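Engineer: Between the sequences and the hints, there should be enough to build the whole structure, so can you do that?
Letter by letter, the chains look like this.
Protein chains: 2
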Amino acid sequence: MNSKINRSDIHVAILAGGQGTRFWPISRKDQPKQFLSISKSGESLIQATVRRVRPLIEPDALSVVTNVAHIPLIKEHIPDSNIIIEPVGRNTAAAIGLAAIYSQVNSGSDPVLICLPADHAVGNEDKLRLVLETAVETAQRLDCLITIGIKPSAPNTAYGYIKRGASLAQDVYKVSRFYEKPNTERAQKYFESGDYFWNSGMFVWRASVILNAIKTYMPELYEGLEKIKAEIGKENESRLVAEVFDSIESISIDFGVLEHATNCLVVTGVDFGWNDVGSWDAWAEHFQKDQQGNLIRGDALLIDSQECVVYSKKRFTAVLGASDLVVIDSGDALLVCPRSRVQDVKKIVVELEAKAREDLI
Amino acid sequence: MNSKINRSDIHVAILAGGQGTRFWPISRKDQPKQFLSISKSGESLIQATVRRVRPLIEPDALSVVTNVAHIPLIKEHIPDSNIIIEPVGRNTAAAIGLAAIYSQVNSGSDPVLICLPADHAVGNEDKLRLVLETAVETAQRLDCLITIGIKPSAPNTAYGYIKRGASLAQDVYKVSRFYEKPNTERAQKYFESGDYFWNSGMFVWRASVILNAIKTYMPELYEGLEKIKAEIGKENESRLVAEVFDSIESISIDFGVLEHATNCLVVTGVDFGWNDVGSWDAWAEHFQKDQQGNLIRGDALLIDSQECVVYSKKRFTAVLGASDLVVIDSGDALLVCPRSRVQDVKKIVVELEAKAREDLI
Chain A
1 MNSKINRSDI
11 HVAILAGGQG
21 TRFWPISRKD
31 QPKQFLSISK
41 SGESLIQATV
51 RRVRPLIEPD
61 ALSVVTNVAH
71 IPLIKEHIPD
81 SNIIIEPVGR
91 NTAAAIGLAA
101 IYSQVNSGSD
111 PVLICLPADH
121 AVGNEDKLRL
131 VLETAVETAQ
141 RLDCLITIGI
151 KPSAPNTAYG
161 YIKRGASLAQ
171 DVYKVSRFYE
181 KPNTERAQKY
191 FESGDYFWNS
201 GMFVWRASVI
211 LNAIKTYMPE
221 LYEGLEKIKA
231 EIGKENESRL
241 VAEVFDSIES
251 ISIDFGVLEH
261 ATNCLVVTGV
271 DFGWNDVGSW
281 DAWAEHFQKD
291 QQGNLIRGDA
301 LLIDSQECVV
311 YSKKRFTAVL
321 GASDLVVIDS
331 GDALLVCPRS
341 RVQDVKKIVV
351 ELEAKAREDL
361 I
Chain B
362 MNSKINRSDI
372 HVAILAGGQG
382 TRFWPISRKD
392 QPKQFLSISK
402 SGESLIQATV
412 RRVRPLIEPD
422 ALSVVTNVAH
432 IPLIKEHIPD
442 SNIIIEPVGR
452 NTAAAIGLAA
462 IYSQVNSGSD
472 PVLICLPADH
482 AVGNEDKLRL
492 VLETAVETAQ
502 RLDCLITIGI
512 KPSAPNTAYG
522 YIKRGASLAQ
532 DVYKVSRFYE
542 KPNTERAQKY
552 FESGDYFWNS
562 GMFVWRASVI
572 LNAIKTYMPE
582 LYEGLEKIKA
592 EIGKENESRL
602 VAEVFDSIES
612 ISIDFGVLEH
622 ATNCLVVTGV
632 DFGWNDVGSW
642 DAWAEHFQKD
652 QQGNLIRGDA
662 LLIDSQECVV
672 YSKKRFTAVL
682 GASDLVVIDS
692 GDALLVCPRS
702 RVQDVKKIVV
712 ELEAKAREDL
722 I
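Taken in order, these protein sequences are the chains called A and B.
Numbering (the working numbering) for the first sequence: 1 to 361.
Numbering (the working numbering) for the second sequence: 362 to 722.
Simulated from the structure, these hints should not be mistaken for lab results.
A quick note: this is a predicted structure, and the numbers were derived from the prediction, not measured.
A virtual CB, placed ideally from N, CA and C, is assigned to each residue, including glycine.
A portion of the hints provided could be inaccurate.
[Said to hold, decoys possible] Okay, the calculated beta carbon distance ranges per label pair: (1) Val429(B) x Lys29(A): 48 to 54 Å; (2) Asp304(A) x Asp471(B): 47 to 53 Å; (3) Ala354(A) x Glu437(B): 38 to 44 Å; (4) Asp304(A) x Glu553(B): 29 to 35 Å; (5) Gly42(A) x Thr545(B): 44 to 50 Å; (6) Phe648(B) x Asp304(A): 25 to 31 Å; (7) Lys436(B) x Asp304(A): 37 to 43 Å; (8) Gln291(A) x Val429(B): 41 to 47 Å; (9) Gln549(B) x Gln288(A): 44 to 50 Å; (10) Gln291(A) x Glu581(B): 56 to 62 Å; (11) Gln292(A) x Val466(B): 54 to 60 Å.
[Said to hold, decoys possible] Only some residues are given here: those of chain B computed to face chain A with a beta carbon under 7 Å: (12) Leu423; (13) Leu662; (14) Arg676; (15) Ala679; (16) Leu681; (17) Val688; (18) Asp693; (19) Ala694; (20) Cys698; (21) Arg700; (22) Lys708; (23) Val711.
Structural biologist: See below:
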C-alpha cells in the first residue's frame with residue numbers, strides 16, 4: 001500500500017440505489033442488478049465491489065447507501081456494512097451528500113470518501129487499488145473533486161467522457177470539461193484524441209470538499225443535509241431524512257455539481273479492466289467467448305450462430321442460425337434482442353410498468 | 362355430397378407416424394406435432410384432420426396408422442378410430458400398404474382409400490371435400506393412383522412438385538412427372554409455368570390398385586403384407602407385423618411406387634387453403650398477423666419488431682428490435698432462430714439425440 005496515504009482517514013461509500021432495468025428480465029425491483037451473481041467470480045456485483053476495496057480501509061469504514069426496500073438484501077450480501085437509507089431514490093447527488101455527512105458523524109472527523117457504484121466490474125483489482133490510492137493521496141493533499149477516468153478502449157457511445165486539462169502529477173489532470181454520452185461521430189473523435197477519458201462514476205474527495213461544492217451549486221440539498229446531520233442518531237432522524245428526500249431534486253452529482261465546479265480533477269493510470277456492466281452486451285465483454293464469439297451461461301446449444309449472448313440457467317435454450325443476438329431467460333420471463341439494441345431493454349420495463357405487470361418488473 | 366360417389370365404398374386412413382422434429386421444442390417424442398393443439402380451431406392437428414373428412418365416410422370407416430407408443434394419444438384424440446399399429450416407423454409405403462390390407466379385411470370388400478397425413482392444415486374444409494370427392498369419384502371409375510395437387514401460391518422450395526400431363530376431366534390430369542423439392546431457381550420456373558402442382562401427400566386410390574402397384578414396384582413389401590393379411594384377427598397377427606416391419610425397407614410411397622407407376626393422376630381444383638404445417642414459419646402463415654406482421658401466441662410483448670413468430674404459453678417473452686425471428690417456448694426449452702432457418706430446426710433434435718438429452722427430445 002502507498003505509504004503516503006493515511007488509511008484511517010479513508011471511508012468507502014457504495015452507491016446501491018440503482019434499479020438496473022437494462023438487465024431485465026434477470027434484474028427486478030426486488031432483486032436489482034447489483035445483487036445478481038453475474039460477476040466473473042460468481043459473487044454478486046456488490047459483493048465483488050466491496051471485496052475489491054476492503055484492503056484500502058479499516059473494517060468499519062464502509063457504508064452502503066440504498067433504498068429502504070433493499071435493506072434485507074444488503075444485510076445478506078454485505079453483513080458488516082453501515083447502511084445509509086434513502087427513503088426514495090434521488091440520484092447520486094443526494095446519495096453522495098448523505099454519505100458525506102454520515103461519514104463525518106460516524107468517524108467524528110472529515111474523511112476522504114471513495115464513492116463507488118455497486119454494480120460495476122473490474123478485471124484487475126490490484127491495478128484498480130493503485131489508481132484509487134493515487135486519487136486518495138491527491139484528495140488528502142488538495143481540496144479537489146476527483147473522478148476516476150478510464151482510458152477508452154473503443155469509441156463507446158454508452159459512457160460520458162471527461163476531457164483532461166493541465167497535468168498536476170503523473171496520472172492526475174485538471175478536468176477541462178465533462179461531456180454527456182456522445183453520438184458515434186463525436187465518440188470517434190474523443191477516442192482518437194487521447195485527451196478524453198470515460199467517466200467511471202467512481203469519485204474520490206474529502207467529505208467537507210464535496211459538501212462545500214454542494215453548498216455552492218445545490219444550496220437546497222445542502223440545507224437539507226445540514227438538517228439531517230443535526231438529527232443523526234436522534235429520535236427524528238428517519239422522519240427528517242424522509243422529509244428532506246421528499247422535497248429535493250433528483251439529479252446526478254455530475255450534472256448538479258461537477259459540471260459547474262472549478263476544482264475537478266481526473267485521475268487515471270493503468271488499465272484495470274473496468275466495465276460498467278451497463279447492459280447485457282457490456283456484461284458479456286467481460287468473459288471469454290467460444291470460437292464463434294458466443295458467450296453462453298447455462299444450458300444452451302448454439303448451431304450456426306455467432307457473436308450471441310445466451311443466459312439460460314432455468315431451462316434449455318437452442319439458438320439456430322443467429323448472429324449478434326442476446327437471449328436472456330429468467331425462468332418466468334425471456335428477453336430476445338439484437339446486441340445493437342441492449343441499451344433499450346429498459347423500454348420493456350417502461351412498457352410493463354404502463355401495463356401494470358407487477359409480476360414482471 | 363357428390364351424388365356420383367358411393368359413400369359406403371370409402372375408407373379414410375390417417376397417417377400418424379411422424380415425429381414433427383421441425384416443431385421442436387413443442388413437438389416431442391411423446392407428444393409429436395399431430396397431437397399439438399396448434400390448429401386454428403384450437404383442436405389438435407389430428408383431430409382437425411379427422412373432423413374435416415368425417416362427412417365423407419361411414420362412422421366406422423376410419424383408421425389411424427400409428428406407432429405403438431402413441432396408442433394412448435390416439436385413443437385420447439380420436440376415440441372411435443380403428444388403430445393400425447406400426448411396430449416401428451417404416452415411412453409411408455409400408456404404412457399405406459398396411460392401411461390397404463386392413464381396409465380390405467375390415468370392410469370385407471375393396472374400398473377406395475383416402476390417405477391423409479395427420480398433421481396438415483386446411484383453410485376451407487368444404488372446398489377440400491369437393492376436391493376429395495372428385496378424386497374418389499375418379500378412383501371409383503378408374504384403376505389409378507391419385508395424388509391431390511395444390512396450385513402453388515409461391516415458388517416454395519419446401520414441397521415436392523407434380524407436373525401435370527393430359528387432362529382427363531375437369532381438375533383431373535395424368536401425372537407427367539414427380540419432382541423432389543426444387544432449388545429456388547427451379548421452384549420459380551415451376552411456379553411461373555402453371556403446369557406444376559405441390560404434392561400434398563394426400564392420396565386416393567382403391568386398396569387393390571395401390572396393392573397391385575406395390576406388388577410391381579416393391580415386391581418384398583407386398584409379400585410381407587400378404588403374410589400379414591392372412592393373419593389379421595388371428596393369434597400371430599402382431600408378431601408377424603413386427604417381423605415384417607423389422608425387415609422391410611423404409612421408403613416413401615412417392616419414391617417407392619408413384620414415381621415408377623404409369624397410372625398416376627393428379628386431382629386439383631379450387632384453392633382450399635392447404636398448408637403442410639411443415640415448420641413454424643408455415644404454421645404462422647395460417648394466422649392473422651398484427652400490424653407489424655408479427656404472429657404472437659401467448660404472453661408476449663414485441664417492441665420495434667416486425668415479421669416475428671412468437672409462441673410463449675408458459676412464460677412471458679419480450680422481443681425488442683428484431684425482424685423475421687422465430688421464438689418458441691415450451692416451458693422446459695426455448696428455440697430462437699431466424700424465419701429463414703426454420704427448416705433446420707430438426708438439426709437441433711439430431712444434436713440433442715447425439716448428446717443423449719432424452720429430457721429434451
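Engineer: It remains to establish, for every hint, whether it holds in the given structure.
Structural biologist: Structure-based check of each hint:
For Val429(B) and Lys29(A), the hinted distance range of 48 to 54 Å is satisfied, since their beta carbons lie about 51 Å from each other. Distance hint for Asp304(A) and Asp471(B): a CB-CB separation of about 50 Å, consistent with the stated range 47 to 53 Å. One distance hint, 38 to 44 Å for the beta-carbon pair Ala354(A) and Glu437(B), holds here, with the actual separation near 42 Å. Remark: the range hint 29 to 35 Å for Asp304(A) to Glu553(B) is upheld by a beta-carbon distance near 32 Å.
Against the hinted window of 44 to 50 Å, the Cβ-Cβ separation of Gly42(A) and Thr545(B) comes to about 49 Å, which satisfies the hint. The supplied range of 25 to 31 Å is met by Phe648(B) and Asp304(A), whose beta-carbon atoms lie about 27 Å from each other. In this structure the supplied range 37 to 43 Å holds for Lys436(B) paired with Asp304(A), their Cβ-Cβ distance being about 40 Å. Against the hinted window of 41 to 47 Å, the Cβ-Cβ separation of Gln291(A) and Val429(B) comes to about 43 Å, which satisfies the hint.
Range check, Gln549(B) to Gln288(A): about 45 Å between beta-carbon atoms, so the 44 to 50 Å window is met. The beta-carbon spacing between Gln291(A) and Glu581(B), approximately 48 Å, falls outside the hinted interval of 56 to 62 Å. As the Cβ distance of Gln292(A) to Val466(B) is approximately 56 Å, the hint placing it in 54 to 60 Å holds. Because the smallest distance between the Cβ of Leu423(B) and any Cβ of chain A comes to about 37 Å, over 7 Å, the interface hint for this residue is violated.
A cut of 7 Å between beta carbons decides the hint on Leu662(B): the least distance to chain A is about 6 Å, and the hint holds. The beta carbon of Arg676(B) comes within 5 Å of a beta carbon in chain A, closer than 7 Å, and the hint placing it at the interface holds. Annotation: Ala679(B) was flagged as interfacial toward chain A, and the flag holds, the nearest CB pair being 5 Å apart, inside 7 Å. With 7 Å as the threshold, the beta carbon of Leu681(B) comes within range of chain A, its nearest partner Cβ sitting at about 4 Å, so the hint holds.
The interface hint given for Val688(B) holds, since its Cβ lies 5 Å from the closest Cβ of chain A, which is under the 7 Å cut-off. Interface hint status for Asp693(B): upheld, as the beta-carbon distance to the closest one in chain A is roughly 5 Å, under 7 Å. The criterion of a C-beta within 7 Å of any C-beta in chain A is met by Ala694(B), whose closest approach is roughly 4 Å, and the hint holds. Checking Cys698(B) against chain A: minimum C-beta separation of about 4 Å stays under 7 Å; hint holds.
Hint status for Arg700(B): violated, given a least beta-carbon distance of 10 Å to chain A, over 7 Å. Contact between Lys708(B) and chain A, as hinted, is supported at the beta carbon level, the nearest pair being about 6 Å apart and thus within 7 Å. This hint is violated: Val711(B) has a C-beta 10 Å from the nearest C-beta of chain A, more than the 7 Å allowed.
Comparing the model with each numbered hint stated earlier shows that hints 10, 12, 21 and 23 do not hold.
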